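Q: Chain residues, written in single-letter form:
There are 2 protein chains.
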Amino acid sequence: MKRTSRDIRTANRYHVLREIIARSPTSRQELATATGLSMATVATLVGELLELGMLTEVGFEDSAGGRPRGLIAVNVAGGTLIGVDIAETYVRAELFDLGLNVLARAEEEVRPGARTPPEVVAQVAAAVARVVAGAGVDGARVLGAGISMPGQVDRESGVLVYAPNWDWHDVPLLGLLSGSVPYPLHLDNPLHACTAAELWFGAARGRDDAVVVNLGTGVGAGFALGGTLHRGVSNSAGEWGHTTLVLDGRLCHCGDHGCVEAYVGAPGIMLNLRELSPDSALLHPGDQTATIEALGRAVAEGDPVAVTVVRTTARCLGAAIAGLVNLLNPQVIVLSSWVAATLGEPLLAGVREAVARHALRRPLSATEIVLSPIPTDPVCLGAATFALEGALARSTAVAKSRITAGL
Amino acid sequence: MKRTSRDIRTANRYHVLREIIARSPTSRQELATATGLSMATVATLVGELLELGMLTEVGFEDSAGGRPRGLIAVNVAGGTLIGVDIAETYVRAELFDLGLNVLARAEEEVRPGARTPPEVVAQVAAAVARVVAGAGVDGARVLGAGISMPGQVDRESGVLVYAPNWDWHDVPLLGLLSGSVPYPLHLDNPLHACTAAELWFGAARGRDDAVVVNLGTGVGAGFALGGTLHRGVSNSAGEWGHTTLVLDGRLCHCGDHGCVEAYVGAPGIMLNLRELSPDSALLHPGDQTATIEALGRAVAEGDPVAVTVVRTTARCLGAAIAGLVNLLNPQVIVLSSWVAATLGEPLLAGVREAVARHALRRPLSATEIVLSPIPTDPVCLGAATFALEGALARSTAVAKSRITAGL
Numbered sequence: 001m002k003r004t005s006r007d008i009r010t011a012n013r014y015h016v017l018r019e020i021i022a023r024s025p026t027s028r029q030e031l032a033t034a035t036g037l038s039m040a041t042v043a044t045l046v047g048e049l050l051e052l053g054m055l056t057e058v059g060f061e062d063s064a065g066g067r068p069r070g071l072i073a074v075n076v077a078g079g080t081l082i083g084v085d086i087a088e089t090y091v092r093a094e095l096f097d098l099g100l101n102v103l104a105r106a107e108e109e110v111r112p113g114a115r116t117p118p119e120v121v122a123q124v125a126a127a128v129a130r131v132v133a134g135a136g137v138d139g140a141r142v143l144g145a146g147i148s149m150p151g152q153v154d155r156e157s158g159v160l161v162y163a164p165n166w167d168w169h170d171v172p173l174l175g176l177l178s179g180s181v182p183y184p185l186h187l188d189n190p191l192h193a194c195t196a197a198e199l200w201f202g203a204a205r206g207r208d209d210a211v212v213v214n215l216g217t218g219v220g221a222g223f224a225l226g227g228t229l230h231r232g233v234s235n236s237a238g239e240w241g242h243t244t245l246v247l248d249g250r251l252c253h254c255g256d257h258g259c260v261e262a263y264v265g266a267p268g269i270m271l272n273l274r275e276l277s278p279d280s281a282l283l284h285p286g287d288q289t290a291t292i293e294a295l296g297r298a299v300a301e302g303d304p305v306a307v308t309v310v311r312t313t314a315r316c317l318g319a320a321i322a323g324l325v326n327l328l329n330p331q332v333i334v335l336s337s338w339v340a341a342t343l344g345e346p347l348l349a350g351v352r353e354a355v356a357r358h359a360l361r362r363p364l365s366a367t368e369i370v371l372s373p374i375p376t377d378p379v380c381l382g383a384a385t386f387a388l389e390g391a392l393a394r395s396t397a398v399a400k401s402r403i404t405a406g407l
Numbered sequence: 001m002k003r004t005s006r007d008i009r010t011a012n013r014y015h016v017l018r019e020i021i022a023r024s025p026t027s028r029q030e031l032a033t034a035t036g037l038s039m040a041t042v043a044t045l046v047g048e049l050l051e052l053g054m055l056t057e058v059g060f061e062d063s064a065g066g067r068p069r070g071l072i073a074v075n076v077a078g079g080t081l082i083g084v085d086i087a088e089t090y091v092r093a094e095l096f097d098l099g100l101n102v103l104a105r106a107e108e109e110v111r112p113g114a115r116t117p118p119e120v121v122a123q124v125a126a127a128v129a130r131v132v133a134g135a136g137v138d139g140a141r142v143l144g145a146g147i148s149m150p151g152q153v154d155r156e157s158g159v160l161v162y163a164p165n166w167d168w169h170d171v172p173l174l175g176l177l178s179g180s181v182p183y184p185l186h187l188d189n190p191l192h193a194c195t196a197a198e199l200w201f202g203a204a205r206g207r208d209d210a211v212v213v214n215l216g217t218g219v220g221a222g223f224a225l226g227g228t229l230h231r232g233v234s235n236s237a238g239e240w241g242h243t244t245l246v247l248d249g250r251l252c253h254c255g256d257h258g259c260v261e262a263y264v265g266a267p268g269i270m271l272n273l274r275e276l277s278p279d280s281a282l283l284h285p286g287d288q289t290a291t292i293e294a295l296g297r298a299v300a301e302g303d304p305v306a307v308t309v310v311r312t313t314a315r316c317l318g319a320a321i322a323g324l325v326n327l328l329n330p331q332v333i334v335l336s337s338w339v340a341a342t343l344g345e346p347l348l349a350g351v352r353e354a355v356a357r358h359a360l361r362r363p364l365s366a367t368e369i370v371l372s373p374i375p376t377d378p379v380c381l382g383a384a385t386f387a388l389e390g391a392l393a394r395s396t397a398v399a400k401s402r403i404t405a406g407l
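As they're listed, the protein sequences go chains P and V. Oh and the first sequence: position 70 is 70 in full-length UniProt numbering, straight run, nothing missing. Oh and the second sequence: position 187 is 187 in full-length UniProt numbering, straight run, nothing missing.
Since the hints were made in silico from the structure, they are not lab data. In this text the structure is predicted, and so the values were computed from the model without any measurement. Every clue listed holds true.
Which stretches of chain V does chain P cover? Using the computed rule of at least three CB atoms under 8 Å from a CB of chain P, they are:
hint, stretch
1, 230-236
2, 326-332
Partial pick of chain P residues on the chain V-facing surface, computed with a CB cut under 7 Å:
hint, residue
3, V161
4, G232
5, E239
6, L327
7, R362
8, A366
Where a beta carbon is used, it is the ideal one built from N, C-alpha and C, also for glycine.
Bound-form chain P, shown alone (with noise of 0.2 Å):
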């Protein structure tokens, strides 16, 4: 068992550290309501967050009768962030000041041939360089660069172990990109970048338990359980994709049958049309984003080909989505990334109806199902929350070495 006290010290840091950033100014003691922490907890929190340039005072507020409170606020000047999607067709970058907010952005094309490592390395590169140049920042005011990249991640290492849409394996991601972007790197995947966007940003936070349901070309479920990214043993969960739907049902590129993403993530989606009508002219061969927004398009007007597509797709979601209702009883169900918005509210519409057919009554009367509020990219947003984290590893560790050196 691995749970510290310095690992429940630090999820309490960003449990505070997520409530000022909502609530900026907020008081101590409105964190103290917010969190259910201590005063004392929260006033030694906040004074470290201080200390590390993280907030700033920003005057006081009156207490009924009592005596004014401090109030403080997220220090935006304090340092910026960086989050980085590589996805199957694009390299996204956005900047981000420390209350999350998007400074800047910019956006390389992955063209179909140029998916080498070095390749998609150079491209990162570039759209980092551009985003930082865009905002007009100081290189040395980044504290760090999330990267999110779609497989199988070894964090400690930074090799990125598995890729199946590129077919990458053991790549040492990190290594080869210290070279050229010159700020503290931090590996991971989109599903658990989504998931710490929903935690920090959107309808995640504050609540007990939350799942992101995680639509695009692969699926995948991200865990925020008691307030924390659930990563696994091997920072592998959330592999929902490939749990078995239709026992010997359709082949999956993973080489298994019958897994819920060979029928909800988007060539899943493709297939559903085709199987219910060839000759579409919704179906744009080899594209999925092109067919995925046809369909969304064609649905909203009532095209009833597209309103079966989504029914089936939602069909087979929801029976999914039921069985993690049944087994986590989370609070709150969150559809995530592109295809979710795309298809928007005539897929949860569906979700819904089907969850409510699958799922057992009480896991299912405490579960809310809504589609992700987050308005911008949720992967760069998570992303950029895994470099605040490392930002935040890091000055402890300085903080705590000062001590240890008599500083």
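Fit chain V to the known structure of chain P by using the hints.
A: Positioned in the frame of chain P, the structure of chain V alone reads:
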């Protein structure tokens, strides 16, 4: 988010007490190493447990060159705990000392016609009275009783919301029991009890994340994540039996189709046998226990029908467990409850094979799959740990009110 400093303190206290029970006698230094907590935290928690009479000082051990280290052990004379397992066909009560050793056991048979709440309450009261009398302990030393009953349980109110096997709805079980069982009572279900048993005494102790797969008449999956039982927001986490394994498959008693439980719960296994060999002598119509036991004996003797049935069952179970491996990336999956114990190694071997076929490589390589190592009824043991946790919580509350009152 409700994880407060007090929750963390409580979790740390359980963690320390678990390690003391495992290692008794032990030193504070050894506990700090085993738990990853600081010496100061361990010393404080041990001090509290000593004051509560749950531990006792038992001497010193030499430390290489340093001061002799104080040894502490569980105070077996500090009180007793009761665990009650209300099952389909029996009510079993066990009495434990504070080291969680069984001191006495009593069992009442539940006849098929005698499953109303008053009848079951009378049987629980009888079993508890027999176990206390049988051990010759002073009733005043019983610190509490944990009651496990299959179904959906509201712990705060002590209401059994829904028990599918007996079709009980909203039965105020603790209220009914409190008239005839004169101890502090704690209600939960066997899934949570088995998971707690693995955490306190079995394969999940000292592991980061464990999944306990419970195979009986019903089927469930308990989660011990970060050393804590994950209950879900309305205490119904773990309803894995009603995860869809085969879309539009076998009708399940829950009303849905294709649920895991319909293939690998005891009645599902009977159906697997009937489909393969309708006239098999192994089949005891209407008697799950006899059928599963006959299967267990026959598979050990290499009977081809039994081997095929266990293989079919393991194939379904493994496909479903692979989903849990991919989803949660745990360190260990524990097969628990009477069906797992009866079918034993042949089932385990088949499950391991099927999981390896269905799970993704990275999470698979991080996960061990084992049979529960708990030699006694894990439900009674787990229920007793709920009583132990309750006793600790009450003692803390009393200590706090004393401090508040200035005593």
